[in-house]
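Visitor: From first to last, the protein sequence lines are chains A and B.
Each residue of the first sequence is one higher than the last, beginning at 1 in full-length UniProt numbering.
Each residue of the second sequence is one higher than the last, beginning at 1 in full-length UniProt numbering.
Keep in mind that the hints were calculated from the coordinates and are not lab data.
Where hints are given, some of them may not hold.
To be verified - Computed list of lysine-lysine pairs in DSS-like fashion (alpha-carbon distance at most 27 Å, straight line):
| id | chain 1 | residue 1 | chain 2 | residue 2 |
| --- | --- | --- | --- | --- |
| 1 | B | Lys295 | A | Lys112 |
| 2 | B | Lys119 | B | Lys34 |
| 3 | B | Lys119 | A | Lys4 |
| 4 | B | Lys119 | B | Lys258 |
| 5 | B | Lys262 | B | Lys295 |
| 6 | B | Lys119 | B | Lys262 |
All values derive from a computational prediction rather than experimental measurement.
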Amino acid sequence: MTQKPNYPQPYEDEDNATFLAGWREGKLLLQQARSGGQPFFYPRLLCPYTGSSDLVWIEASGRGHIVSFSLITRPNHPSFNDEVPIILAEIALEEGATLLGRVIAADATAVKSTAKVETLPLPDAARYPLPTFRLA
Amino acid sequence: MTTSSIGITGYGQTAYEKRTSRTLFAFLAEAGQKALASAGLSFGDVDGLAISSFELPPDNTVTTAEQFGLSLSWAYLGTAGSAGPVASVINAKHAIETGQATTVLCIAGDNYDVGGHFKLMDNFSRGLRNYGTPLGFGGANGLFGIIQRKHAETYGTRREDLGRISVDQRRSAQQNEHALLRGPMTIDDYMNARVIADPICLYDCVLPCAGAEAVIVTTLDRAPPGKGVRILSGFERHNHPPMEIAPLRGGWETFADKLYAKAGYGPQDMDFVQAYDDYPIMVAIQLEDLGFCRKGEVSAFLAANSFSWEGTLPLNTGGGQLSCGQAGIAGGLLSVTEAVRQLRGEAVGRQVAKARRGLVAGYGMVGYGHGLSASSIILEAVQ
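Let's have the full structure, built from the sequences with the hints guiding it.
Guide: What follows is the structure, given as structure tokens:
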């Protein structure tokens, strides 16, 4: 594996440590109220649907589809400059949560809304600080 | 005191600069002085202060009062990004109605540039900092590209129709010596512009810059003769709709009906609209949510109308942020000062004929995917 790029990193704290540790193992973890309800992302202390603070972590399948996306040629941070266009997508996971994620594809023109995606497996996943996807 | 007796009696703005050596307080003070002069008042008359500024920390409204030498009975700090300045006008009116203040100076300003804008966006909120910035999300451009593509794929919204907003606003900007971008722009220029975050291209984007805007909110009996602007109604909404990353609607849809009902007018009665134009797609969504056309039909509406100061729907008649530049949160008050200028009949070179009333909309505070805050006011010239 090549050296990790100098991407900006998430700030780890008590609210997101479990999630970030999960991704380091190639898992996409979501939260859900223990009493049930829709799983959600990003990590937080209260379920935004029920208000419950009694939350559990669930491991998502990593599969979903692209709802919409943009192809960024002018990234916010220079560490991304050699990888443009950055494919930034709104992704709806099978479990019902949505999130923003990068899609890694050699041909950006092959990326379409509704396309099925899955999380990158290890060891490729380790290059990215947050769940990152490829076309399925 | 009735609500109809409160309004905006003065407005002011600084020049906008692409790069500046001037401090933030220099911009805020100059805009405030100009607004007070326009109202026939001075700093000694001010007992309420509202500040909206991204770059203000570690300072706040109270330490700004110290800088300006003001003793205040009411202090307000905008928290809704560029929806904040319009919200500050709404809240200033309430403060006067309840006797907390008599004369409120509302200022919005920032002094950053393109690099400063990216730095700001990377740390805009914990949600965005932790879950957007590490993706190379491209600042606001990448997020609004997702919204624009979704709007296009859901409703058939065409780029060439969105482009009419940029092109017609530029036509108005050519009549505004304060606009940083005044060169001619055709629809071909818009369509062929450099790609920034496909589908967002260069003329969908604003130019970050430095500047400040200010207005005075007080009782209308203190307005210079013929220069008062009544605040007919105003509402704000935050985090609507919740848990959607890239919604094709915003908080405006929650209050549009009561905004018009309280004002006693409908969208058809507005002589102009000053919308929040961080991107044409967001102007389009505001036009839908605020009832100028039905949801999903904005492309046809844009194609059937024209938007310069002498168009069928005068829109952002000074050129908006798309042509004036986006001086941080000042972009959320630029709309108010231009509305007041129009209603006082002082928009030399771009005066909307018989401008009696208009709608001003704010939008901002980008969270995990989109702007969380929406605000709007309806203003009317005092006859």
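Visitor: If a hint holds in the structure, say so; if it does not, say that too.
Guide: To see whether the hints hold, each was checked on the structure:
no., hint, in the structure
1, Lys295(B) <-> Lys112(A), "holds, 24 Å"
2, Lys119(B) <-> Lys34(B), "violated, 30 Å"
3, Lys119(B) <-> Lys4(A), "holds, 22 Å"
4, Lys119(B) <-> Lys258(B), "violated, 38 Å"
5, Lys262(B) <-> Lys295(B), "holds, 23 Å"
6, Lys119(B) <-> Lys262(B), "violated, 41 Å"
Violated hints, in rising order: 2, 4 and 6; the structure is consistent with all others.
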